[in-house]
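A.B. asks: Residue-level listing of the chains:
2 protein chains.
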Amino acid sequence: MANKPSIPKGTRDFSPTEMLRRKYIFSTIEKVFQKYGFLPLETPAMENLETLTGKYGEEGDRLIFKILNSGDAWGGVSEEVKKGLATGEVAPGKFASAVSEKALRYDLTVPFARYVVQHQNEIAFPFKRYQIQPVWRADRPQKGRYREFYQCDADVIGSTSLLNEVELVQLFDDVFSALGLHVVVKINDRKVLSGIAEVSGQPEKVVDIVTAIDKLDKIGREKVEEEMRAKGVSDEAIKGIAPLFDLKGSWSEQRPLLEKWLSSSPMAQQGLKDLSFTFEAVGALKSAKLEYDPTLARGLDYYTGAIFEVKAAEGTMPGSICGGGRYDDLTGIFGLKNMSGVGISFGADRIYDVLLETNKFPTELGGSTKLLFANFGEAEAMHCLKLLRTVREAGIAAELYPDQVKMAKQFKYADDKGIAYVAIIGENELIQGIVTVKDMKTGEQKAVKQDELISAIA
Amino acid sequence: MANKPSIPKGTRDFSPTEMLRRKYIFSTIEKVFQKYGFLPLETPAMENLETLTGKYGEEGDRLIFKILNSGDAWGGVSEEVKKGLATGEVAPGKFASAVSEKALRYDLTVPFARYVVQHQNEIAFPFKRYQIQPVWRADRPQKGRYREFYQCDADVIGSTSLLNEVELVQLFDDVFSALGLHVVVKINDRKVLSGIAEVSGQPEKVVDIVTAIDKLDKIGREKVEEEMRAKGVSDEAIKGIAPLFDLKGSWSEQRPLLEKWLSSSPMAQQGLKDLSFTFEAVGALKSAKLEYDPTLARGLDYYTGAIFEVKAAEGTMPGSICGGGRYDDLTGIFGLKNMSGVGISFGADRIYDVLLETNKFPTELGGSTKLLFANFGEAEAMHCLKLLRTVREAGIAAELYPDQVKMAKQFKYADDKGIAYVAIIGENELIQGIVTVKDMKTGEQKAVKQDELISAIA
Numbered sequence: 046m047a048n049k050p051s052i053p054k055g056t057r058d059f060s061p062t063e064m065l066r067r068k069y070i071f072s073t074i075e076k077v078f079q080k081y082g083f084l085p086l087e088t089p090a091m092e093n094l095e096t097l098t099g100k101y102g103e104e105g106d107r108l109i110f111k112i113l114n115s116g117d118a119w120g121g122v123s124e125e126v127k128k129g130l131a132t133g134e135v136a137p138g139k140f141a142s143a144v145s146e147k148a149l150r151y152d153l154t155v156p157f158a159r160y161v162v163q164h165q166n167e168i169a170f171p172f173k174r175y176q177i178q179p180v181w182r183a184d185r186p187q188k189g190r191y192r193e194f195y196q197c198d199a200d201v202i203g204s205t206s207l208l209n210e211v212e213l214v215q216l217f218d219d220v221f222s223a224l225g226l227h228v229v230v231k232i233n234d235r236k237v238l239s240g241i242a243e244v245s246g247q248p249e250k251v252v253d254i255v256t257a258i259d260k261l262d263k264i265g266r267e268k269v270e271e272e273m274r275a276k277g278v279s280d281e282a283i284k285g286i287a288p289l290f291d292l293k294g295s296w297s298e299q300r301p302l303l304e305k306w307l308s309s310s311p312m313a314q315q316g317l318k319d320l321s322f323t324f325e326a327v328g329a330l331k332s333a334k335l336e337y338d339p340t341l342a343r344g345l346d347y348y349t350g351a352i353f354e355v356k357a358a359e360g361t362m363p364g365s366i367c368g369g370g371r372y373d374d375l376t377g378i379f380g381l382k383n384m385s386g387v388g389i390s391f392g393a394d395r396i397y398d399v400l401l402e403t404n405k406f407p408t409e410l411g412g413s414t415k416l417l418f419a420n421f422g423e424a425e426a427m428h429c430l431k432l433l434r435t436v437r438e439a440g441i442a443a444e445l446y447p448d449q450v451k452m453a454k455q456f457k458y459a460d461d462k463g464i465a466y467v468a469i470i471g472e473n474e475l476i477q478g479i480v481t482v483k484d485m486k487t488g489e490q491k492a493v494k495q496d497e498l499i500s501a502i503a
Numbered sequence: 046m047a048n049k050p051s052i053p054k055g056t057r058d059f060s061p062t063e064m065l066r067r068k069y070i071f072s073t074i075e076k077v078f079q080k081y082g083f084l085p086l087e088t089p090a091m092e093n094l095e096t097l098t099g100k101y102g103e104e105g106d107r108l109i110f111k112i113l114n115s116g117d118a119w120g121g122v123s124e125e126v127k128k129g130l131a132t133g134e135v136a137p138g139k140f141a142s143a144v145s146e147k148a149l150r151y152d153l154t155v156p157f158a159r160y161v162v163q164h165q166n167e168i169a170f171p172f173k174r175y176q177i178q179p180v181w182r183a184d185r186p187q188k189g190r191y192r193e194f195y196q197c198d199a200d201v202i203g204s205t206s207l208l209n210e211v212e213l214v215q216l217f218d219d220v221f222s223a224l225g226l227h228v229v230v231k232i233n234d235r236k237v238l239s240g241i242a243e244v245s246g247q248p249e250k251v252v253d254i255v256t257a258i259d260k261l262d263k264i265g266r267e268k269v270e271e272e273m274r275a276k277g278v279s280d281e282a283i284k285g286i287a288p289l290f291d292l293k294g295s296w297s298e299q300r301p302l303l304e305k306w307l308s309s310s311p312m313a314q315q316g317l318k319d320l321s322f323t324f325e326a327v328g329a330l331k332s333a334k335l336e337y338d339p340t341l342a343r344g345l346d347y348y349t350g351a352i353f354e355v356k357a358a359e360g361t362m363p364g365s366i367c368g369g370g371r372y373d374d375l376t377g378i379f380g381l382k383n384m385s386g387v388g389i390s391f392g393a394d395r396i397y398d399v400l401l402e403t404n405k406f407p408t409e410l411g412g413s414t415k416l417l418f419a420n421f422g423e424a425e426a427m428h429c430l431k432l433l434r435t436v437r438e439a440g441i442a443a444e445l446y447p448d449q450v451k452m453a454k455q456f457k458y459a460d461d462k463g464i465a466y467v468a469i470i471g472e473n474e475l476i477q478g479i480v481t482v483k484d485m486k487t488g489e490q491k492a493v494k495q496d497e498l499i500s501a502i503a
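Here the protein sequences line up with chains A and B, keeping their order. According to my numbering, the residues represented by the first sequence are 46 to 503, in order. According to my numbering, the residues represented by the second sequence are 46 to 503, in order.
Wrong hints could be hidden among the right ones.
What the hints assert, rightly or not - Distance condition first, Cα-Cα at most 30 Å in a straight line; then the derived BS3-like pairs of lysine-lysine:
1. K415(A) / K462(A)
2. K431(A) / K462(B)
3. K334(A) / K331(B)
4. K382(B) / K451(A)
5. K68(A) / K483(B)
6. K483(B) / K68(B)
7. K49(B) / K462(B)
8. K382(A) / K457(B)
9. K334(B) / K318(B)
10. K494(B) / K76(A)
11. K462(B) / K76(A)
12. K457(B) / K486(B)
13. K382(B) / K49(A)
14. K250(A) / K268(A)
Since the hints were derived computationally from the structure, they do not count as laboratory data.
Kindly produce the complete structure, drawing on both the sequences and the hints.
C.D. replies: Here it is in structure tokens:
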């Protein structure tokens, strides 16, 4: 291979520096998940094709990466398909299903639903699980959109209690407080949105109405109303929805207005009651601000109760960095009915970008090397090996430069790798039983006794 | 979908219990990797097909999972191939390469080599990286062999120093000492094996000779000699190799015999010198025993210096649980010559099986929930929510049962999830400001003041 090697479009290598930052994000989230009683789950990268198809809509189905059957590549292809391929009479889908029975997971939600149904007799419900794994989508690669990316989900399934919603808001707060980032947690309830469609007089248009409202942020009120009109929402209904656009202020300011406006819809009243419970029970938050957003809709077809979205209150990232909500029928697609659940998802790539932009990554990331022993030749190196073990026993990440090369090269190595200190034990230090410690940031050097090395770099 | 959902043959779901155990293994290894100055790297699951093909031999190539080009499935298939498919004139390989340009990684080594060559100008050499990611192989599924499994590798590339070998032995020792498992680290050197072929008089038969010797454990001396004969090794050479089978005892016992026997091979002498250095420099080990094994060969085509293998000294697992060695030309396949490296690989699935069999997993695995607040209704639950936050702030994983159901069901939930304590705050406890703490293992209950809850379960 003469060409410089490369990786497929839309995929990424993560260098050690990027990995330490990513691990910082994932381990912070994971620790909070565990503190809240969520337990880890992993499902295979490959699912049976039939598990995935038909779950993500027509567009989603096209974006599923299919795996070619192994062995004789067309072992499963019938003569009919082979001939149809030559004449052009066989459709791509038929061909694909003849050469592929497996596909890469498209998200973590469908495999989770599949797992719950498959293992329903072994699971202690309510089942609180988290899952941090990559997913694959054959999307057109573009800035910020990848064909392989991690999802980071937590769900409680098998409980209708609003305490779950309350805890998930607190969980958002704990995660972003640990990451040192101020965020706004936006909340809405699908039942309130349905109530708005109801009182407008066109409840059957709820999907069109809410899909349009969801775009308010991006396209403004006029275009939202235009879209509704185009979808067949009557002028009268659009007028009926109008009070929505004037809502502002805190939850306690908006609540009485909504109660009055939506008084004829029992469903909306239940949604408002549920929201009130959540606002009250959540209590004081640390880094997050909980805000009611009457236009928040996120994947309406899916959610049936609370809807969450988290945005950074710092930096310039306009989009959301987390989302979530309650669903009533996640496992129904696999034949297990009446399993209500509520889940959230952290957008690791976006959180990474925000922390980088706002300079919130800790200077000393867990996992980086702290001390390098310089190499002055065999006798010195053998001596350093012993000290190295002592330093590592003390829990300090340290290494010995393996080759005897010029000091400039060894210092450069420490610099490139972000190592904080270099321990120098040359012939002189060896005889005197000392070690010269160089602080790579300040350039300062000081000689200490060898048994004081650990405290010198602490 | 009426059928019970399932996953592809040879793949696995990992339940929360399995995941906590797996995380314990991976995080123990990872902490030691980092303490030794190795930094994390991740590469994409998909590589360009041309990056992988031709790197694993003919058999390996067949086991690579190929990904079907997305979009119009046969967009890339020429008319010629389509016609050939109908007539049977087109070979499977040609067809596959027309419908697939990407494949799932088969191991971590080739992607690592690809990464090093692609990013050679950004890397600080010697490059010490670790990588813990799944790989995929279209092997026939069977007991203990999976189509998706994790590899866990650490390599130093760009250094010829034997200090790397020394540190890797110490690293094995640190990992298994942290896991509480006694192991034997077997070591050999490819140069000694080559020397044996040399002194036998048939150096050109080195691969056949060593491949046969490698099987001594499994098939015995007689069959090993038979295999050599079948491969064209002369009777005289076989006689020349005979002293190998009589070698036994410690390194210091075997070394003089080897030096004398292989005195005419400078290459063997260098191998023996290198082994001596490693044995001496390693020093005292904690849980591991370093042993010389003159018949250890592991993937001979690949390794050029030290060869490692780790076996459990407890339990009944006969195979190795780790392997590794030095290679001189890992990146040559991608055009970067003269990059010597040495690496090791931990077999996570096998280590899991050994720890399970020998009962070495800690009873309290990191990440499991410690305390469950029982749910006695809204007023009590709201009170528990506050206590819950205090408990979590103290770093204790805890949860509140979200629904108000019978106590028996709540206790069963705690039992199933392995939760150590249940905190009971009913009407009575609420009034008195106390909490009844039930130890789920002993069944004992005691009432404590609410501000003593944390110390009661510590």
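A.B. asks: Hints broken by the structure, by number, lowest first?
C.D. replies: 2, 3 and 5
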